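Engineer: Whenever a hint applies, use it, and build me the whole structure from the sequences.
If you read the sequence shown in numbering that gives the first Met the number 0, its first letter stands for residue 0, the second for the next number, and so on.
These are computed hints drawn from the structure, not numbers from a lab. Predicted, not measured: the structure shown is a model, and the values here were computed from it. Hints may contain errors.
Listed next, the in silico DSSO-like pairs over lysine-lysine satisfying Cα-Cα at most 30 angstroms (straight line) [unchecked claim]: (1) K99 <-> K8; (2) K20 <-> K99; (3) K8 <-> K20; (4) K72 <-> K116.
Quick list of the computed label-pair ranges, beta carbon to beta carbon [to be verified]: (5) V120 <-> G17: 30 to 36 angstroms; (6) Q68 <-> E29: 36 to 42 angstroms; (7) F92 <-> R128: 15 to 21 angstroms; (8) T6 <-> E89: 28 to 34 angstroms; (9) Q68 <-> V4: 17 to 23 angstroms; (10) G93 <-> K72: 36 to 42 angstroms; (11) E89 <-> E29: 29 to 35 angstroms; (12) E140 <-> A69: 19 to 25 angstroms; (13) P103 <-> R128: 22 to 28 angstroms.
Idealized CB from N, CA, C, for every residue including glycine.
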Amino acid sequence: MINPVYTAKASASGGRNGKVKSSDGILDFEVRVPKEMGGQGGAYTNPEQLFAAGYAACFDSALNMVIRQAKVKTGTTAVAAEVGIGSNQEGGFGLAVTLKVSVPEVSQEQAEELVNKAHQVCPYSNATRNNIDVVLEVSTEELSVA
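Structural biologist: Written as C-alpha coordinates, this is what we have:
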(Lines of atoms letter the chains of each structure in order from A; the text may use other names.)
(Lines give C-alpha, C1' and ligand atoms only; values in the text may rest on other atoms or scores of the structure.)
Protein backbone atom coordinates (compact mmCIF):
# COMPACT_ATOMS: atom_id res chain seq x y z
CA MET A 0 0.00 0.00 0.00
CA ILE A 1 1.03 3.57 -0.55
CA ASN A 2 0.28 6.71 1.39
CA PRO A 3 -0.93 9.08 -1.36
CA VAL A 4 0.37 12.64 -1.27
CA TYR A 5 -1.93 13.62 -4.13
CA THR A 6 -5.07 12.09 -5.61
CA ALA A 7 -6.29 13.10 -9.05
CA LYS A 8 -10.02 12.96 -9.58
CA ALA A 9 -11.78 12.83 -12.93
CA SER A 10 -15.06 11.55 -14.27
CA ALA A 11 -16.39 10.42 -17.60
CA SER A 12 -19.84 10.04 -19.09
CA GLY A 13 -20.80 8.69 -22.49
CA GLY A 14 -17.77 6.41 -22.79
CA ARG A 15 -15.63 6.90 -25.89
CA ASN A 16 -18.22 9.28 -27.37
CA GLY A 17 -18.70 11.37 -24.28
CA LYS A 18 -17.08 13.85 -21.98
CA VAL A 19 -14.26 13.79 -19.43
CA LYS A 20 -13.72 16.30 -16.67
CA SER A 21 -11.29 16.66 -13.78
CA SER A 22 -12.60 17.67 -10.39
CA ASP A 23 -10.78 21.01 -10.62
CA GLY A 24 -12.17 21.71 -14.11
CA ILE A 25 -8.75 21.98 -15.79
CA LEU A 26 -9.60 19.01 -17.98
CA ASP A 27 -13.07 19.45 -19.42
CA PHE A 28 -13.59 18.20 -22.93
CA GLU A 29 -15.32 15.76 -25.22
CA VAL A 30 -13.78 12.46 -26.29
CA ARG A 31 -14.56 10.57 -29.48
CA VAL A 32 -13.75 7.24 -31.06
CA PRO A 33 -10.86 7.74 -33.52
CA LYS A 34 -11.47 7.09 -37.22
CA GLU A 35 -9.12 4.11 -37.09
CA MET A 36 -11.54 2.43 -34.68
CA GLY A 37 -14.66 3.17 -36.73
CA GLY A 38 -15.49 6.54 -35.23
CA GLN A 39 -15.95 9.90 -36.87
CA GLY A 40 -12.62 11.18 -35.60
CA GLY A 41 -12.22 14.92 -35.69
CA ALA A 42 -10.63 17.39 -33.30
CA TYR A 43 -11.23 15.33 -30.16
CA THR A 44 -9.00 13.37 -27.85
CA ASN A 45 -9.44 9.78 -26.72
CA PRO A 46 -8.43 7.63 -23.74
CA GLU A 47 -5.29 6.34 -25.48
CA GLN A 48 -4.00 9.87 -26.11
CA LEU A 49 -4.66 10.81 -22.50
CA PHE A 50 -2.84 7.69 -21.28
CA ALA A 51 0.08 8.36 -23.65
CA ALA A 52 0.45 11.95 -22.44
CA GLY A 53 0.30 10.92 -18.79
CA TYR A 54 2.79 8.07 -19.21
CA ALA A 55 5.23 10.23 -21.19
CA ALA A 56 5.19 13.03 -18.60
CA CYS A 57 5.44 10.64 -15.66
CA PHE A 58 8.27 8.62 -17.22
CA ASP A 59 10.27 11.74 -18.07
CA SER A 60 9.86 12.91 -14.48
CA ALA A 61 11.06 9.53 -13.15
CA LEU A 62 13.99 9.62 -15.58
CA ASN A 63 15.04 13.07 -14.38
CA MET A 64 14.85 11.92 -10.75
CA VAL A 65 17.10 8.95 -11.58
CA ILE A 66 19.53 11.27 -13.40
CA ARG A 67 19.66 13.66 -10.42
CA GLN A 68 20.22 10.79 -7.97
CA ALA A 69 23.01 9.40 -10.16
CA LYS A 70 24.55 12.89 -10.42
CA VAL A 71 24.88 12.50 -14.18
CA LYS A 72 25.02 15.46 -16.56
CA THR A 73 22.73 15.01 -19.57
CA GLY A 74 21.03 17.19 -22.10
CA THR A 75 17.30 17.81 -21.93
CA THR A 76 15.46 14.50 -21.86
CA ALA A 77 12.24 13.79 -23.72
CA VAL A 78 9.77 10.91 -23.90
CA ALA A 79 7.29 10.14 -26.68
CA ALA A 80 4.70 7.52 -25.78
CA GLU A 81 2.77 5.49 -28.31
CA VAL A 82 -0.27 3.66 -26.93
CA GLY A 83 -1.92 1.12 -29.17
CA ILE A 84 -5.23 -0.61 -28.54
CA GLY A 85 -6.42 -3.85 -30.07
CA SER A 86 -8.18 -7.13 -29.47
CA ASN A 87 -6.62 -9.53 -27.00
CA GLN A 88 -6.76 -13.34 -26.86
CA GLU A 89 -9.51 -13.34 -24.23
CA GLY A 90 -11.98 -11.60 -26.53
CA GLY A 91 -11.55 -8.18 -24.93
CA PHE A 92 -9.16 -5.37 -25.64
CA GLY A 93 -5.62 -4.65 -24.54
CA LEU A 94 -3.01 -1.95 -24.76
CA ALA A 95 0.59 -1.93 -25.95
CA VAL A 96 3.03 0.89 -25.24
CA THR A 97 6.24 2.04 -26.86
CA LEU A 98 8.25 4.68 -25.04
CA LYS A 99 10.76 6.50 -27.22
CA VAL A 100 13.17 8.00 -24.72
CA SER A 101 15.88 10.54 -25.50
CA VAL A 102 18.81 11.04 -23.11
CA PRO A 103 21.25 13.34 -24.94
CA GLU A 104 24.90 13.99 -24.11
CA VAL A 105 25.64 10.56 -22.58
CA SER A 106 26.72 7.24 -24.08
CA GLN A 107 24.10 4.81 -25.39
CA GLU A 108 25.01 2.39 -22.61
CA GLN A 109 24.56 5.02 -19.90
CA ALA A 110 21.29 6.22 -21.46
CA GLU A 111 19.92 2.66 -21.43
CA GLU A 112 20.98 2.18 -17.81
CA LEU A 113 19.23 5.40 -16.74
CA VAL A 114 16.06 4.54 -18.69
CA ASN A 115 15.93 1.03 -17.21
CA LYS A 116 16.22 2.48 -13.70
CA ALA A 117 13.46 4.99 -14.48
CA HIS A 118 11.29 2.10 -15.70
CA GLN A 119 11.63 0.55 -12.23
CA VAL A 120 10.50 3.67 -10.34
CA CYS A 121 7.93 5.26 -12.68
CA PRO A 122 4.40 4.80 -11.25
CA TYR A 123 2.94 4.18 -14.72
CA SER A 124 5.59 1.53 -15.42
CA ASN A 125 4.87 -0.11 -12.09
CA ALA A 126 1.12 -0.07 -12.78
CA THR A 127 1.52 -1.62 -16.23
CA ARG A 128 4.28 -4.13 -15.46
CA ASN A 129 3.20 -7.68 -16.34
CA ASN A 130 -0.15 -6.30 -17.54
CA ILE A 131 0.67 -4.80 -20.92
CA ASP A 132 3.63 -4.87 -23.26
CA VAL A 133 5.92 -1.86 -22.81
CA VAL A 134 8.82 -1.45 -25.24
CA LEU A 135 11.61 0.99 -24.39
CA GLU A 136 13.43 2.59 -27.33
CA VAL A 137 16.43 4.53 -26.03
CA SER A 138 18.32 7.15 -28.00
CA THR A 139 20.99 9.72 -27.27
CA GLU A 140 19.66 11.90 -30.09
CA GLU A 141 17.45 14.91 -29.40
CA LEU A 142 13.76 14.00 -29.58
CA SER A 143 11.43 16.69 -30.83
CA VAL A 144 8.21 16.81 -28.87
CA ALA A 145 5.23 17.93 -30.93
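Engineer: For every hint, state whether the structure bears it out.
Structural biologist: Now for the hints, and whether the structure bears them out:
For the proposed pair K99 and K8, the alpha carbon gap of about 28 angstroms is at most 30 angstroms, so the pair holds. A distance of roughly 28 angstroms separates the Cα atoms of K20 and K99; the hinted pair therefore holds under the 30 angstroms criterion. Of the pairs offered as hints, the one joining K8 and K20 holds, with about 9 angstroms between alpha carbons and a cut-off of 30 angstroms not exceeded. Restraint check: the Cα-Cα separation between K72 and K116 comes to about 16 angstroms, which is no more than 30 angstroms; the hinted pair holds.
Separation of V120 from G17 is about 34 angstroms and conforms to the stated range, judged on CB atoms against 30 to 36 angstroms. Distance hint for Q68 and E29: a CB-CB separation of about 41 angstroms, consistent with the stated range 36 to 42 angstroms. Range check, F92 to R128: Cβ separation about 19 angstroms, and the 15 to 21 angstroms hint holds. As the Cβ distance of T6 to E89 is approximately 31 angstroms, the hint placing it in 28 to 34 angstroms holds.
For Q68 and V4, the hinted distance range of 17 to 23 angstroms is satisfied, since their beta carbons lie about 19 angstroms from each other. The hinted range of 36 to 42 angstroms is satisfied by G93 and K72, whose Cβ atoms lie roughly 39 angstroms apart. Distance hint check: the CB atoms of E89 and E29 are about 30 angstroms apart, consistent with the given range 29 to 35 angstroms. Between E140 and A69 the beta carbons are some 21 angstroms apart, a value that agrees with the proposed interval 19 to 25 angstroms.
Take P103 and R128: their Cβ atoms lie about 27 angstroms apart, and the range 22 to 28 angstroms holds.
In terms of the numbered hints stated before, the structure departs from none.
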